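**Q** Top line first, the protein sequences correspond to chains A and B. Okay, so the first sequence: first residue is 492 according to the numbering used here, each after it adds one. Okay, so the second sequence: first residue is 34 according to the numbering used here, each after it adds one.
There's no promise every hint is true.
[Stated by the list, open to error] Simulated coverage check for chain B against chain A, where a stretch passes if three residues somewhere in it have a Cβ under 8 Å from a Cβ of chain A:
| no. | stretch |
| --- | --- |
| 1 | 41-55 |
| 2 | 73-85 |
| 3 | 132-146 |
| 4 | 200-214 |
| 5 | 219-232 |
| 6 | 245-254 |
[What the hints assert, rightly or not] List of simulated lysine-lysine pairs, BS3-like, C-alpha gap at most 27 Å:
| no. | chain 1 | residue 1 | chain 2 | residue 2 |
| --- | --- | --- | --- | --- |
| 7 | A | Lys-696 | A | Lys-937 |
| 8 | A | Lys-726 | B | Lys-169 |
| 9 | B | Lys-115 | A | Lys-1011 |
| 10 | A | Lys-1011 | B | Lys-174 |
| 11 | A | Lys-623 | B | Lys-145 |
| 12 | A | Lys-672 | A | Lys-609 |
| 13 | A | Lys-937 | A | Lys-770 |
| 14 | A | Lys-1011 | B | Lys-277 |
| 15 | A | Lys-540 | A | Lys-770 |
| 16 | B | Lys-277 | B | Lys-119 |
| 17 | A | Lys-1039 | A | Lys-1062 |
| 18 | A | Lys-1011 | B | Lys-119 |
| 19 | A | Lys-933 | A | Lys-870 |
| 20 | B | Lys-144 | A | Lys-1011 |
| 21 | A | Lys-699 | A | Lys-646 |
| 22 | A | Lys-580 | A | Lys-541 |
| 23 | A | Lys-754 | A | Lys-726 |
| 24 | A | Lys-1039 | A | Lys-972 |
| 25 | A | Lys-762 | A | Lys-699 |
| 26 | A | Lys-972 | A | Lys-783 |
| 27 | A | Lys-558 | A | Lys-493 |
By construction, these hints were calculated from the structure, which means they are not laboratory data. Predicted, not measured: the structure shown is a model, and the values here were computed from it. Beta carbons are placed, not taken as given, at the ideal position from N, Cα and C, and that holds for glycine.
Below, each chain spelled out in residue letters.
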Amino acid sequence: MKLKICGMKYQENMTEVAALQPDYLGFIFYDKSSRNFDTSIPEISNSIKKTGVFVNEDLEVVIEKIKTFNLQAVQLHGEESPEYCNDLKNRQAELVSASLEIIKVFSIKNEFNFEVLKPYEAVCDYFLFDTKGKHPGGNGYTFDWNVLNNYSSTKPFFLSGGIGFDEIEAVKKFQQSMASKYCYALDVNSKFEIEPGLKNIELLKDFKTNLFFHANHGTDSNLNKHMENYNVNEKGYYGEFGGAFIPEMLYPNVEELRQNYLKVMAEPDFKKEFDQLLKDYVGRPSPLYFAKRLSEKYNTKIYLKREDLNHTGAHKINNTIGQILMAKRLGKTRIIAETGAGQHGVATATVCALMGLECIVYMGEIDIARQAPNVARMKMLGATVVPALSGSRTLKDATNEAIRDWINNPVNTHYIIGSAIGPHPYPDMVTRFQSVISEEIKWQLKEQIGRENPDYVVACIGGGSNAAGTYYHYLHEPDVKIIAVEAAGLGVDSGESAATSVLGHEGVIHGCKTLLMQTKDGQITEPYSISAGLDYPGVGPMHANLCKTGRAEFMSITDDQAMTAGLDLCKLEGIIPAIESSHALAIFEEKTFKPDDVVVVSLSGRGDKDLQNYIEYFKI
Amino acid sequence: MNRINKKLQENKKLLSIYFTAGYPNLTDTVSIIEDLEKNGVDMIEIGLPFSDPLADGPTIQASSTQALKNGMTTEVLFDQLKDIRKTVSIPLIIMGYFNPMLQYGVEAFCKKCQEIGIDGLIIPDLPVDVYNDEYKATFEKYGLINVFLITPQTSVERINFIDSISNGFIYMVSSASVTGSSSGFGDEQMSYFERIAKMELKNPQVIGFGISDNETFTQATEHAKGAIIGSAFIKHITENGVNKTEVFVKSILG
Ligand SMILES: Cc1ncc(COP(=O)(O)O)c(C=O)c1O
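Generate coordinates for the entire structure from the input sequences, incorporating the hints supplied.
**A** Below, the structure is given as structure tokens:
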């Protein structure tokens, strides 16, 4: 089946969509449409048919557009008569492309009299069926495809109208039914948009891989299993997890962000500034390093994604750079953040210094005492560190305090959340900023071993931001297995643990529905891990969904296992890892990989901050 | 008719008091309610304590932490309240965060509320749209009024939407803040009170957050049907014990 992507509007976005190699790209020439095309078409591959969409347009205008834009197909969306189509067909000789395809559109509600197609049979190349609604096309919902069971023609047709990511299963079912016998192509538009005319590239990519890649490669049941959407949906949910469970006082702030984040991220100058800073300031791309001696020890192929080499020593800075640019675009002048160990606090203080913005970091009173060097760093960088004195005086309470600050300062303040947690759109926004990790892994692996996909991607999970970034571009690649590593603390059953996937139940924390450690009564409990960055009672909603659907395998690693694995990496590879990252490294003692397996591990941070812990633990 | 609706029809400005169940002592809940009614309070919000009360300031947070330490749970609260309708007739509302309710089971929670004679719920972190899509029918089945918050930042369209799905009163948060923060209302707040009053919503409005004495109570009820006091009352019982409710209520009503 072919794919047509319709309603193109913006230059750069067009180039990106074209890179996905659809079969048709649609340009709407109708000034009443919010996707009316009024610029020029960039250089795109000849194998993609440029399609002009018209509504009861004067024939001469259509001809002129065909010539100007070198269109290979015309889609007629109004009440154009068979004679009109015939006239158009007869004018082909004077066009550059002698094989103009004519697509005639018919809108269907709950029933359709297919007799009306008859006069068009001889004068069109394809029919296109979309949903009858208020507007000519673009109504955003599907019609009842069962109507097509009565399709009496043999002319191939395009199926259109409200097809989005959530329709993948329905489309697959349709493909297996008789009604799809003459279905030639799928036509998508509004369900893949950030705003009218601006297409969501990642979503399109996932849709295409899911539906088209697999459709062409048979339907192995194992493949089918991974065809769900693991990204956030339109309503801010990952399966049943996510959402925005926030008090009304926060609604305007969160809503402002939700309405703008994708739009801002798609702006060319935003991307440019983000990429530039990641390169020149953070030091990206971070190396993908083949750990030879470690690989020998475990008789498999281990690659380390060196986020520890980023400025400030961890992946956290990818997100804070993105969010500070976002805050500036939204006109915010005051930045707040929460921090546990101080890594995210330092990364936030750093970007605030870089941009000259006021920075307030909330940190639990107990954490302030145990993480003195990071407190000093934040202060040197110009931030104000405010102790969280409520509750258990650790990360979760620092997060509460930051949220309260935001409630009290709804207009000028942006809250930079440090992990893939919080109310929608935070988990998705943080994930997108961190997704540079897997974007790089893809081309780096390709360079090093000739293929983009490893057999496994592995990351530790506190809230889940380094993990989300490491998995992101592999979520819908069924041949890549995902391993998520949680902190078991003193042991999963010890009462001193942070293994949320084992100990947690569905609940609401910090504005999202996710897996959460809590009492039977719904009070949030205190987790424990030697690593402050994994010491969080929940996981991001994306990971809750990966766990629930079985897309990711969850493992828990104790303090002792992590510390041993950390020291091991020092001795074998000359790298002192953050204790968080050591958890991910410890799985090689637990799980056996095949000698040929390529296992990419996110080395999320360096161990400088943990020196005191290492010293005390090993009595160095 | 629901007790809340009946109360809202009375021709007077309403005083509503919030307190945290199980504070200062686990078993104070019932006597505080009885005392408040005796001293002329019109409506009571019983706070079901939560470990992470995002919308609350230090006073209510601290009382919640203490109440949980005292052993307060959803079960315990329902048990304490099981005979409350034998002695108390004013409207009772449970105010709590969504997670404890979710764990108890939303339907079971609502059912229990009806059995006891609870009239409504205030759940600050249950968003309007989730309520509307998933839980409205359940609340209505058990005769519970759900009360939504609006703030000075809430848009006109959203206020109208909230008004359309409410069937009791609208809880007007006096300013952009957590509970217990401000002292006295300035011009900005007074004009916000006026602006909302002019919208002539179908539901009456009750103002909360930052009301602590006779002056703020009078200011708040100039345009609104009533006012809710929380932190100031908790401070009062923290400092004076639970037996001096009368003094507090008098000081508010003047
Ligand atoms: C080095 C490092 N890795 C991992 C984490 C865990 O956070 P996340 O799960 O968001 O990646 C932290 C958090 O502080 C960290 O500093």
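**Q** State for each hint whether it applies.
**A** We went through each hint and held it up to the structure:
Judged by the Cβ-Cβ criterion of 8 Å, the stretch 41-55 of chain B is not covered by chain A as claimed, because only 0 of its residues qualify and three are needed. Taking a C-beta to C-beta cut-off of 8 Å, the stretch 73-85 of chain B contributes 3 residues in contact with chain A, enough for the three needed, and the coverage statement holds. With a cut-off of 8 Å between beta carbons, the stretch 132-146 of chain B has 6 residues touching chain A; three or more are needed, and the interface restraint holds. Residues of the stretch 200-214 of chain B lying with their CB closer than 8 Å to a CB of chain A number 5, which satisfies the three-residue condition for coverage.
Counting residues of the stretch 219-232 of chain B whose CB lies closer than 8 Å to any CB of chain A gives 0, so the stated coverage by that chain is violated, three being the minimum. Counting residues of the stretch 245-254 of chain B whose CB falls under 8 Å from any CB of chain A gives 0; the rule of at least 3 is not met. For the hint pairing Lys-696 (chain A) with Lys-937 (chain A), the CA-to-CA distance comes to about 19 Å; that is within 27 Å, so the pair holds. Of the supplied pair hints, the one linking Lys-726 (chain A) and Lys-169 (chain B) holds, its CA atoms being roughly 19 Å apart against a limit of 27 Å.
Using a Cα cut-off of 27 Å, the hinted pair Lys-115 (chain B) and Lys-1011 (chain A) holds, with the two alpha carbons roughly 21 Å apart. For the given pair, Lys-1011 (chain A) sits about 26 Å from Lys-174 (chain B) by alpha-carbon distance, which is consistent with the 27 Å threshold. Straight-line distance between C-alpha atoms of Lys-623 (chain A) and Lys-145 (chain B) comes to about 47 Å, which puts the hinted pair past the 27 Å bound. Note on Lys-672 (chain A) and Lys-609 (chain A): the hinted pairing holds, with a Cα-Cα distance of about 18 Å set against a maximum of 27 Å.
The suggested pairing of Lys-937 (chain A) with Lys-770 (chain A) holds, with an alpha-carbon distance near 20 Å, which does not exceed 27 Å. Simply put, Lys-1011 (chain A) and Lys-277 (chain B) have alpha-carbon atoms about 35 Å apart, too far for the 27 Å limit, and the pair is violated. Proximity of Lys-540 (chain A) to Lys-770 (chain A) is assessed by CA-CA distance (about 36 Å); at most 27 Å being required, the pair is judged violated. This hinted pair checks out: Lys-277 (chain B) and Lys-119 (chain B) have alpha carbons roughly 23 Å apart, not beyond 27 Å.
Using a Cα cut-off of 27 Å, the hinted pair Lys-1039 (chain A) and Lys-1062 (chain A) is violated, with the two alpha carbons roughly 37 Å apart. At roughly 30 Å between alpha-carbon atoms, Lys-1011 (chain A) and Lys-119 (chain B) are farther apart than 27 Å, so this suggested pair is violated. At roughly 37 Å between alpha-carbon atoms, Lys-933 (chain A) and Lys-870 (chain A) are farther apart than 27 Å, so this suggested pair is violated. Taking the CA atoms of Lys-144 (chain B) and Lys-1011 (chain A), the gap is about 19 Å. The hint holds against a cut of 27 Å.
The suggested pairing of Lys-699 (chain A) with Lys-646 (chain A) holds, with an alpha-carbon distance near 24 Å, which does not exceed 27 Å. Between Lys-580 (chain A) and Lys-541 (chain A) the alpha-carbon distance is near 17 Å, which keeps this suggested pair within the 27 Å criterion. With a C-alpha separation of about 16 Å, the suggested pairing of Lys-754 (chain A) with Lys-726 (chain A) holds against the 27 Å cut-off. This hinted pair checks out: Lys-1039 (chain A) and Lys-972 (chain A) have alpha carbons roughly 15 Å apart, not beyond 27 Å.
With a CA separation close to 24 Å, the supplied pair Lys-762 (chain A) and Lys-699 (chain A) stays within the 27 Å bound. With a CA separation close to 22 Å, the supplied pair Lys-972 (chain A) and Lys-783 (chain A) stays within the 27 Å bound. Our distance criterion of 27 Å between C-alpha atoms is met by Lys-558 (chain A) and Lys-493 (chain A), whose separation comes to about 25 Å.
Hints 1, 5, 6, 11, 14, 15, 17, 18 and 19 from the list above are not met by this structure, while the remaining hints are.
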